[in-house]
Amino acid sequence: MVSVKPGEHLTKLTSKDDYIAFREQAHQKWETLWNGDATVVSVGVGSSSIAKGALEVLEQAHQVGGNAIIREVSGNGAFWMEPWIEVKRPGVDPILYGPLTVDDVAGVIAGERNDLAVGVRGANPVGEIRPLNEHHYFKHQIQLLTRNAGLIEPDSIEDAIARGAYDGYFKVLFEMSQEEAIAEVTTAQVRGRGGGGFPAGIKWESGRKARNNPKFIVCNSHEGEPNVYKDRHLHECDPHRILEGILIACIACGAERGYNYIGGEYPLGIRRFRKAVADAERIGLIGKDVLGTGKNVAMRVRTGGGAYVCGEASALMYSIMGVRGQPRTKPPRSVEEGLWKRPTVANNTETLANVPDIIVRGGEWYASLGTENSKGTKLMTMQGPSKLSGVVEVEMGVTMRHLLDDIYGGMREGYTFKGIQTGGASAGPITEDAFDRPIDFDSLSDIHGMLGSGGWVLFDEGVCAVDMARYLTAFSRYESCSKCVPCRLGNPALVEILDRIRFGRGSLEDLALIRRTSKYIIELSLCGLGQVAPVPLVAFLDAYEEEFRQHIVDGVCKCGVCPISADSRQAVFTEVAAD
Amino acid sequence: MVQPDHTHAPRPVPSPYTGRQEIDLDVVREMLSHFTYSDHEEAQELILSALQEINEHFGWVSFEAAEIVADHLGTSATRVFAILTFYADFRTTPRGHHHMLLCHGMSCYVMGSSKLVQKVRDEYGIGDGDTTPDNQLSVQVANFCLGVCDRSPVVKIDDEYYGHVDPENLTDLVNRAIAGREAMQASEVNHG
Ligand SMILES: Cc1cc2nc3c(=O)[nH]c(=O)nc-3n(C[C@H](O)[C@H](O)[C@H](O)COP(=O)(O)O)c2cc1C
Ligand code: SF4
Ligand code: FES
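Sequence order for the protein chains is A and B.
Per the working numbering: the first sequence = residues 1 to 579.
Per the working numbering: the second sequence = residues 580 to 771.
Hints may contain errors.
[Said to hold, decoys possible] Pairs of lysine-lysine residues, derived as DSBU-like cross-links and limited to a Cα-Cα distance of at most 30 Å, are as follows: (1) K698(B) <-> K387(A); (2) K558(A) <-> K698(B); (3) K16(A) <-> K29(A); (4) K483(A) <-> K330(A); (5) K288(A) <-> K341(A); (6) K288(A) <-> K171(A); (7) K387(A) <-> K694(B); (8) K288(A) <-> K275(A); (9) K330(A) <-> K209(A); (10) K694(B) <-> K558(A); (11) K275(A) <-> K735(B); (12) K29(A) <-> K275(A); (13) K16(A) <-> K275(A); (14) K735(B) <-> K698(B); (15) K735(B) <-> K387(A); (16) K139(A) <-> K387(A); (17) K519(A) <-> K330(A); (18) K288(A) <-> K209(A).
Think of the hints as simulated: they come from the structure by calculation, not from any bench.
Work out the full structure, taking the sequences as your base and the hints as a guide.
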């Protein structure tokens, strides 16, 4: 498996000056690395590239690298170029090569494989090879949260510090009051990235004002949705940024302990984050009397067990407390009574990862990015048959046309566009009509669409609307915690109706029944899961009603996906007659 | 059905008392010794993590192992079992000799993973969470994303990922994965 970079050489820093000296050293080390005469070979290792053999590539680089410095960096979000290697030769800007196999490694390091080069990390071309930032996948991105992706070794706190990690934390520790820190976050108007879009500054302020002590900060890294992997990506490429966000929140709200609750689905991210915490503890950024300020901050990492509903804040806290993760009624809100009945501020990973830059560069700067009501950048992922695939970071307010055509390169050959599912299993699909709307937290809501956590799913004409609606409803059925009746019984009922239609036994009344049942589930469910569970289905029904009707009236699934074909329809009818 | 070569693979050992496959409880105790806590709250926070480590190591958590966890962290076996049966990652029955994780995240769904789920059902008679009667293969249908969407649909058999899988060659992949792993183990045996 991946090796863990040792951290034993790190010693505890106990004062502001100690830290400044340490930071200076880290900067120098970084400069020497890139401006020295050594050849530096970096291999992008993330869960997506490991699946394609990145660890073997790394191993091979160690074998054939000779005197070169071999580094294990993270993926850079561009899945299509994995596995990749970056080679920095003395006096030349680093060049990235990919996708490659183990057999290519020696040639690439020796500089004989320009055919595999993707781009130069730098402003100028090297020979024929163009800068990577001119590639359409990177050209339109604004990389703030992901600016260290593929660049630093995620296991090295020195790399992170050399690239500016903990500068915001430093500022909050030594130069700002709690109120000032929160004021920056409020000015920045940063809204929650976990789906809800609630302003983080307001939540923090209530957290700070809560009088019950101790208080806690919880970072919600559950990411149980089947359509997005941005938090996993952040954990793998820049764990220190997330940790810094949590620590700043702890100081600003006066919380004595931060938690990061990570879904069990990404072991590499968990490992790298744990390593980040261990190193930050070693150098004294976490612990008692941080850098001699008299402030105490502790940090705990907790993992989930693959229940989507544990992304809901109250369920998440139950899960941390070691019971079943079932949401509870509110009030009391978690800022009054959360983890262990203490005031708890919960934010999404990406929300917290925005904080260090906001503190360092100011809320005003941040608020200058994005749209009227949604500031900053947003991580987005595209799934399905797009030409390229991966995580990108773009300014709030991009249009889907720009995102899909210019960045992801449009549809793959041989596929015809049908729609894009938004908001995971919580919202509906959009079609080309909505392609020119600037995307932000609110702009898609009138058409059942949702930015949510930023995961888009492209689907083509081969995907049947009824079947996909069933897939999404079945997801909610499976993930329902079964605490309250409308969600526990309503979702299976919806799936049953859909199955009736899929098997050719539906009637037109079923369409009305879907709407009625959905309305009850939405209105009566206890938590956010149930309250949005039928939304995808209703939206699919709105957008593709014709297709639903074809199934019912004509008995055909034009995509050939549903088990409704003429024979099976007959067979099913006989079967039904038999039982 | 798959016809793998059984000669070199370590077979699960059934308990002499119950005839069931069991977990080595000494290993569990050793694992738990790393879970230390300073108060009752912290102990409760560790239940899930401890179960996760055991589940990851053995592929499942037996009732006996759950009892030890409960003892170690000062809680009841009922509570531990309540957790085991709530969270999707945990299994309370042993995994097959080979384990397949079939990605059914949205990218894979759009690219046809339903056909793979159906194929596994047709070919091996098992669905999510099941194991074949001969204990060779267990399958988990993952409704999260395995993170390799550009190769959808994706399956992971033991430690290997396979991308762009189509139902036609799924059985082939299973056979090859099984044969491959056993070939490796066989060669380890030979060299050892
Ligand atoms: C069913 C359900 C699942 C959720 N899953 C997540 C999740 O995976 N990650 C997340 O950050 N928020 C998730 N949320 C939203 C959280 O409840 C909460 O609003 C959020 O973590 C607050 O952080 P933010 O304000 O930074 O977005 C989910 C909510 C519901 C109802
Ligand atoms: S709406 Fe569904 S998930 Fe939420 S509490 Fe009710 S049963 Fe549980
Ligand atoms: S959805 Fe299957 S790998 Fe992402």
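Each hint tested on the structure:
For the proposed pair K698(B) and K387(A), the alpha carbon gap of about 27 Å is at most 30 Å, so the pair holds. A distance of roughly 22 Å separates the Cα atoms of K558(A) and K698(B); the hinted pair therefore holds under the 30 Å criterion. Taking the CA atoms of K16(A) and K29(A), the gap is near 20 Å; set against the 30 Å cutoff, the hint holds. Distance restraint check for K483(A) and K330(A): the Cα-Cα separation of roughly 15 Å lies within the 30 Å cut-off, and the hinted pair is therefore satisfied.
Of the pairs offered as hints, the one joining K288(A) and K341(A) holds, with about 23 Å between alpha carbons and a cut-off of 30 Å not exceeded. The hinted pair formed by K288(A) and K171(A) meets the criterion: a straight-line CA distance of about 18 Å does not exceed 30 Å. In summary, the hint linking K387(A) to K694(B) is supported, as the alpha carbons are separated by about 23 Å, within the 30 Å threshold. Distance check on the hinted pair: K288(A) and K275(A) sit about 19 Å apart at the alpha-carbon level, within 30 Å; holds.
At roughly 19 Å between alpha-carbon atoms, K330(A) and K209(A) fall within 30 Å of each other, so this suggested pair holds. Taking the CA atoms of K694(B) and K558(A), the gap is about 17 Å. The hint holds against a cut of 30 Å. Taking the CA atoms of K275(A) and K735(B), the gap is about 26 Å. The hint holds against a cut of 30 Å. Between K29(A) and K275(A), the direct Cα distance comes to roughly 20 Å. Compliance with the 30 Å bound is thereby established for this hinted pair.
A hinted pair counts as satisfied when its Cα atoms are at most 30 Å apart, and K16(A) with K275(A) qualifies at roughly 23 Å. In summary, the hint linking K735(B) to K698(B) is supported, as the alpha carbons are separated by about 15 Å, within the 30 Å threshold. For the proposed pair K735(B) and K387(A), the alpha carbon gap of about 23 Å is at most 30 Å, so the pair holds. A C-alpha spacing of about 16 Å is found between K139(A) and K387(A), which places the hinted pair at or below 30 Å, so the restraint holds.
For the suggested pair K519(A) and K330(A), the alpha carbons sit about 21 Å apart, so the restraint of at most 30 Å is met. With a C-alpha separation of about 23 Å, the suggested pair K288(A) and K209(A) falls inside the 30 Å cut-off, and the hint holds.
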